[in-house]
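Using the sequences plus the hints, can you model the full thing?
The listed protein sequences derive, respectively, from chains A and B.
For the first sequence, the working numbering assigns the number 2 to the initial residue and increments by one for each residue that follows.
For the second sequence, the working numbering assigns the number 985 to the initial residue and increments by one for each residue that follows.
Since the hints were derived computationally from the structure, they do not count as laboratory data.
Be aware that one or more of the hints could be misleading.
Stated by the list, open to error - Which bits of chain A does chain B cover? Going by a derived footprint, with three or more residues having C-beta under 8 Å, they are:
#	stretch
1	150-160
2	245-254
To be verified - Short, incomplete list of chain B residues facing chain A, as computed with Cβ under 10 Å:
#	residue
3	Leu1018
4	Ile1082
5	Leu1085
6	Met1104
7	Pro1108
8	Leu1123
Stated by the list, open to error - If you want the ones that stay clear, here's a sample from chain A, every Cβ over 12 Å from chain B, calculated:
#	residue
9	Ala43
10	Ala45
11	Ser53
12	Glu59
13	Ile65
14	Glu132
15	Lys179
16	Ile180
17	Ser202
Glycine included, C-beta positions come from ideal geometry on N, C-alpha and C.
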Amino acid sequence: MSKLLSIFGSRRTWAWPYVLFMLCFVILPLILIAFYAFTDAAGAFTIQNFVSFFSKSEAVNTFIYSIAIALITTIICILIGYPAAYIMAMQSFRTPQVMAILFILPMWINFLLRTIATVELFHMFGLPLGEGALIFGLVYDFLPFMIYPIYNTLQKLDTNLIEAAQDLGASQRKVFTKIIIPLSMPGVYSGIIMVFMPTVSTFAISELLTHNKITLFGSLIQRSFSEGGITMWNYGAALSLILLVIIGLTSFLGQNDHENHEGGLV
Amino acid sequence: MSTGSMTERRGLISRIAGQAYLWLILIVLYAPILLIFVFSFTNSKVIGNWTGFTFGLYENLFSGYDYSAQVQVDPNLYRAIFYTVVIALTSAFFATFIGTLASIGIYNMRHRERRIVNFMNSIPMINPDILTGISLFLLFVFLGISRGLGTVIIAHVVFCTPYVVLSVMPRLTQMNPNIYEAALDLGATPWQALRKVLLPELLPGMISGFILSLTLSIDDFGVTFFTKGSNGLETLSTFIYADARKGGLTPELRPLFSIIFLTILIGLLIINIRTNKQSTKK
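Following this line, the structure appears as structure tokens:
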């Protein structure tokens, strides 16, 4: 009895329900993806799912194309977002928080509805839906996720370092390239993760923005589950496992900033 | 003197250019939202076709009946609103409860255990929704659990709880641990110390975790899509998706989201002005 009490008295055990919950609903499901990926519909071991993916040039092309689209989107987001975050952090607005709020506010509107409105916007200006619309829509949807982490790191930047560099004779450009950019890299890393990961796996946005003309890898996965019937689930699981590996690699490479990853959204 | 005013002028120009750049981005970001807002005041079926100013859509939304077309507003819309709210509140509640307990537990763990749990905690945040959705879909299929409201709520708790831990954890690490010990030394039972000392300290983190969970849950599409099953359960996200695939967007969604947007905008501005006032008072 006293042992039981001491177990519940120790506060470490308070995390156990959560750990159990995570084991059941996070770890086990991920293992199931691998299980389904390496079995056929009858449950026997096979690598046929991967063979049929790599032998279909259409599927492999979709995969490469999706990664390319995600990379382009991420780069454009950095190119547009970094200056915006820099200006926001460096300029002394009377109300800097209002600016930051204005940038994250669109995220509260359902992204599907925003995407549909973007499609209507393209219609109004007579622009064609396709690759351009897709990239525009993705940048539009994920730009705030790039600006916010960069803004956060720039804002916390120790201004003494900048002043010290200036006092020691560094030019404006030197200060920027040698002090500000290196110190803001953690923010850029988490921005990259927050933009690249959802874009490489997106499925609904691409359908809406291109009227189903362009298929991304995410849509390929979704279709094998929601349209393919039970026979396609194992194939879909194999595709999911490939995506999981990509995601794992990306987050491993960008691990420098594990602590405050997405921490500052609210 | 002249060089001084030169640099001053250059500073002013770059300031204005910077401001203009920010506003340009904001205009592009807000253009589609503005479009929804503007076209919530006309009766047309599609965005882009202005048929005169009217509050008709707002009346339709609140009465549930479209007087100009003499038909009912799609009852599935109201069901979707209802389930969105139910799912968001329930999963945010459970996520906040489990997440707060877990934070206290993780805080008291030894270094290695803490690293393992923190790693597990980061998985749902890094995982894209399609993978979270599919992995849970496979789990429910594997275990033979029929998908519906319950499975959607479980799925939402999965991706919300890590954010609760992330909001509560800093409160714990910033807290002076001696306060809790002092309460015990002064004769408080562990339960009293928890309720009167620990919880008030954690409350702000719990509230922001709860709010974050609400917004994540309401905005989610990918996870809900794979865990809702096929017995007609829809949230606003999946309703909009099904609507868009059918070709036409239910017009009443325009006033609905205009109202949601304005409410959040005003709410955030009020909070912001208040905190500004408080900080200037200090």
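Okay, the hints, checked on the actual structure:
Given as covered by chain B, the stretch 150-160 of chain A fails the check, having 0 residues with a CB less than 8 Å from a CB of that chain where 3 are the minimum. Coverage of the stretch 245-254 of chain A by chain B holds. Counting CB-CB distances below 8 Å, 3 residues qualify, and the rule asks for three or more. Of the supplied interface hints, the one on leucine 1018(B) holds, with its beta-carbon coming within about 9 Å of a beta-carbon of chain A, less than 10 Å. Taking 10 Å as the C-beta cut-off, the interface hint given for isoleucine 1082(B) holds, the closest approach to chain A being about 5 Å.
A cut of 10 Å between beta carbons decides the hint on leucine 1085(B): the least distance to chain A is about 5 Å, and the hint holds. Interface restraint check: methionine 1104(B) against chain A, minimum CB-CB distance 5 Å, threshold 10 Å, status holds. For proline 1108(B), the shortest C-beta to C-beta distance to chain A is roughly 6 Å, which falls under 10 Å, so the interface hint holds. A distance limit of 10 Å between C-beta atoms decides the matter here; for leucine 1123(B) the minimum to chain A is near 4 Å, and the interface restraint holds.
Even its closest Cβ contact with chain B, about 15 Å, leaves alanine 43(A) beyond 12 Å, as expected for a residue assigned away from the interface. Residue placement check: alanine 45(A) keeps its beta carbon more than 12 Å from all beta carbons of chain B (closest about 16 Å). Interface exclusion of serine 53(A) from chain B stands, the closest Cβ pair being 18 Å apart, more than 12 Å. With 12 Å as the threshold on Cβ separation, the claim that glutamate 59(A) sits away from chain B holds: the shortest Cβ distance comes to roughly 20 Å.
The claim that isoleucine 65(A) lies off the interface holds: its Cβ sits roughly 18 Å from the closest Cβ of chain B, which is beyond the 12 Å cut-off. Against the 12 Å criterion, glutamate 132(A) stays outside the reach of chain B, whose nearest CB is about 19 Å from its own CB. Every C-beta of chain B lies more than 12 Å from that of lysine 179(A), the closest at about 20 Å, which supports listing it as non-interface. The claim that isoleucine 180(A) is not at the interface with chain B holds, since no C-beta of that chain comes within 12 Å of its own (minimum 18 Å).
A beta-carbon of chain B comes within 12 Å of the beta-carbon of serine 202(A); the shortest separation is about 4 Å.
Consistency with the previously given hints fails for numbers 1, 17, ordered from lowest to highest.
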